[in-house]
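2 protein chains.
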Amino acid sequence: MPAQLPHVLVLGGGFAGLSTVRTLAGAPARITLVDRRNHHLFQPLLYQVATAGLAAPSIAAPLRQILRGQRNVTVLMDEVAGIDLATRQVRLTRETLDYDYLVVATGATHAYFGHDDWAPFAPGLKSLDDALAIRRRVLTAFERAEQAPDPVRRRALLSFVVIGGGATGVELAGTLAEIARHTLTGEFRRADPRQACVLLVEAGPRLLTAFDPSLSAKAQRQLERLGVQVRLGQAVTGVDADGVRVGNEQIAARTVLWAAGVAASPLGQWLDAPRDRAGRVLVEADLSLPGHPEVLVAGDLASIRCDDRPVPGVAPAAKQMGVHAGRLIAARLRGERAPQPFRYRDAGALATIGRMAAVAQFGRVRFSGLIAWWVWLGAHIWFLIGFRNRMVVMLDWATAYWTQARHARIVTGRGEHEKGD
Amino acid sequence: MPAQLPHVLVLGGGFAGLSTVRTLAGAPARITLVDRRNHHLFQPLLYQVATAGLAAPSIAAPLRQILRGQRNVTVLMDEVAGIDLATRQVRLTRETLDYDYLVVATGATHAYFGHDDWAPFAPGLKSLDDALAIRRRVLTAFERAEQAPDPVRRRALLSFVVIGGGATGVELAGTLAEIARHTLTGEFRRADPRQACVLLVEAGPRLLTAFDPSLSAKAQRQLERLGVQVRLGQAVTGVDADGVRVGNEQIAARTVLWAAGVAASPLGQWLDAPRDRAGRVLVEADLSLPGHPEVLVAGDLASIRCDDRPVPGVAPAAKQMGVHAGRLIAARLRGERAPQPFRYRDAGALATIGRMAAVAQFGRVRFSGLIAWWVWLGAHIWFLIGFRNRMVVMLDWATAYWTQARHARIVTGRGEHEKGD
Chain A
75 MPAQLPHVLV LGGGFAGLST VRTLAGAPAR ITLVDRRNHH LFQPLLYQVA TAGLAAPSIA
135 APLRQILRGQ RNVTVLMDEV AGIDLATRQV RLTRETLDYD YLVVATGATH AYFGHDDWAP
195 FAPGLKSLDD ALAIRRRVLT AFERAEQAPD PVRRRALLSF VVIGGGATGV ELAGTLAEIA
255 RHTLTGEFRR ADPRQACVLL VEAGPRLLTA FDPSLSAKAQ RQLERLGVQV RLGQAVTGVD
315 ADGVRVGNEQ IAARTVLWAA GVAASPLGQW LDAPRDRAGR VLVEADLSLP GHPEVLVAGD
375 LASIRCDDRP VPGVAPAAKQ MGVHAGRLIA ARLRGERAPQ PFRYRDAGAL ATIGRMAAVA
435 QFGRVRFSGL IAWWVWLGAH IWFLIGFRNR MVVMLDWATA YWTQARHARI VTGRGEHEKG
495 D
Chain B
75 MPAQLPHVLV LGGGFAGLST VRTLAGAPAR ITLVDRRNHH LFQPLLYQVA TAGLAAPSIA
135 APLRQILRGQ RNVTVLMDEV AGIDLATRQV RLTRETLDYD YLVVATGATH AYFGHDDWAP
195 FAPGLKSLDD ALAIRRRVLT AFERAEQAPD PVRRRALLSF VVIGGGATGV ELAGTLAEIA
255 RHTLTGEFRR ADPRQACVLL VEAGPRLLTA FDPSLSAKAQ RQLERLGVQV RLGQAVTGVD
315 ADGVRVGNEQ IAARTVLWAA GVAASPLGQW LDAPRDRAGR VLVEADLSLP GHPEVLVAGD
375 LASIRCDDRP VPGVAPAAKQ MGVHAGRLIA ARLRGERAPQ PFRYRDAGAL ATIGRMAAVA
435 QFGRVRFSGL IAWWVWLGAH IWFLIGFRNR MVVMLDWATA YWTQARHARI VTGRGEHEKG
495 D
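Protein chains in written order, with my numbering: chain A, 75 to 495; chain B, 75 to 495.
These are computed hints drawn from the structure, not numbers from a lab.
A portion of the hints provided could be inaccurate.
[To be verified] Listed next, the stretches of chain B that the computed footprint assigns to chain A, with coverage defined by at least 3 CB atoms under 8 Å from CB atoms of chain A: (1) 130-137; (2) 150-160; (3) 260-269.
[Said to hold, decoys possible] Per the computed footprint, the stretches of chain A lying under chain B, defined by three or more beta-carbons under 8 Å from a beta-carbon of chain B, are: (4) 129-136; (5) 143-152; (6) 344-358; (7) 375-387.
[Claimed, not checked] Ranges of calculated distance between the beta carbons of each label pair, as one might list FRET restraints: (8) B:E169 / A:D314: 41 to 47 Å; (9) B:G260 / A:W448: 53 to 59 Å; (10) B:G260 / A:D190: 41 to 47 Å; (11) B:A472 / A:F441: 55 to 61 Å; (12) A:D190 / B:R319: 42 to 48 Å.
Idealized CB from N, CA, C, for every residue including glycine.
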């Protein structure tokens, strides 16, 4: 590839970054995609890996493999160590790259709202490593309960607290209840997994605030039918090795999962632009960085409003921003300079609660229960990258549905937290 | 279950231990199966997880799930901290168990023949954690090569040395060559994976000593056709972060894999019986511990000769010993005291070399190449526990065969070795 072609540098191989790169297929540019991991991750199904329903490779695909046919792209597995807007350079840990156009799409991570000391006791769910750590913790809790002679300790081992009532929290709590009530039935001789207690704590007044209040109420009823205790309007005031503190009440629980907060990727701090409370970069209407038309921010790292509403931090929004960034750069490469404001098309929202239970909202159309679950299932399998992953996920789920088994119930590795436990 | 039933304690949920437990289904006994992991592992396919062909859960099944229907079994995930033959007690890390019959089937681990300092630089392959660590190392080496400007360093990153020419070494070397030559084709822009060098070093005079010499020669030719350099009769004299020393020659390689030696599980040391050079317990003809008819040793931990030949450390032998131990205990429970010597039925041997290449030996029938590969494929899928695993593995392999892709090319976690690399 001639070196004189303009260089487009894309940071982050998630939905936004990958969409940018794919949109630029065939464009007269050299493209470099940098990600610290070697794979694109289908984040909406990450909770299934955490709860042992899917194997990690089923929801991930190597970035190189996805982009093998796109000859104008170089993929690098590296981390960003600094961005210099003035000299138009990005410093990685192993090399420094110049750019003509920069797309920053490094997403978000979980945030503990100033309580970083809670992190070791309440892991969040953003990467495959997070998911495998949560899987290890959940499965090990049941194993330890089988060997705990003390009923108080056994009860704490069989208590699971999920903090945060958004989509991830609802999905985790619902699946944990299913595992305890159905998957593990008959497999333990001393402890009874059905006595497990799953608690979902949400500080706000309702679950799934991205949905219509009627669907929030339905989701809550469906969760309670699965055996989840839902606590609304109660703030967590402490998390440690023994459990959580909700208001003034201490709840003994050996497994606490964090689904309460996200913060933008720390890369935002190098962009020299105003950021919102969650650290997201306040971008221009065309996703560019104020004062830097050659720098675009896409995905969860970008804070932007459309039709007077904030664009939500969901996969379809990230994809749309990625495509927009790609098209904008392609237009500039052709010499066009007209501003193109980003427009978010709300494709609807879906959240699953458990086996055959979900809520769905497409504009004014709202439904829940079995039909929503089928729609959720179809949509998620469809959007999973790669035909083969679709087949395996379908197979996993089909057999899981009929047998109530979960196919990734494998404990590997050993976390610091579990040692001597 | 009445507490007065005799207690059979089985240590290890591999092929031997699991076979013992299943053979005792319906026996008038309480059975406890202890394993430090929660899963039974189909070890013959472990190299496929290490080389990113299969996801970890595809070759493992939770012991609880396998034994869910066998109501006389309690499964405990715990480690053995001591065995007291006099008081008939086994101390675990979380509780102590009395036994009436003890079956010790804790298998083998890899051994470095007194060079334990080589272990961090040349990981072996015995558990899923080992396999995932090797996968991470192999895939990361190609990633690093893409970013290495120095050709000498790039060459070291693209050099892979497998030490040991048994079945595992042959399988690893063949698959590594396939990955470099086929799977990764077209995915890198700066480095060329086809320039990778895969070296198989064996101290003895031929590969696959468990097979007839004619098949050893065929395996070597098939490997060389795949691009593997085979070095026979050359001993490794050093391993460090820069590579290996073979005789007096230093070979720069960032990835070194150990498939040379196995040593019996350290539990053998508590059994107070003579052991062979590899640490395996020299058992009586009926697999019992000398002087302790109530203690049986099965699988890779047992050293026994049949028809004047040592019983090999392979899965079918472990299964047969496990079944024998179970039948022996069942007979004793019925009051029979006649000694029953163990008899090994050699079911033949199979080793795969790569895509469409394998060697097979069934008594005097020996064949290699494509037919052997199909037999190998069928046998391994068939013996994988669980219908669903069979389906997924078939699907993985069918698509891998047609597309040359590998479906578990996901790097998770980060090893100490890779840090700052």
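Of the hints stated earlier, which fail here? Result: hints 6, 7, 8, 9 and 11 break, sorted rising.
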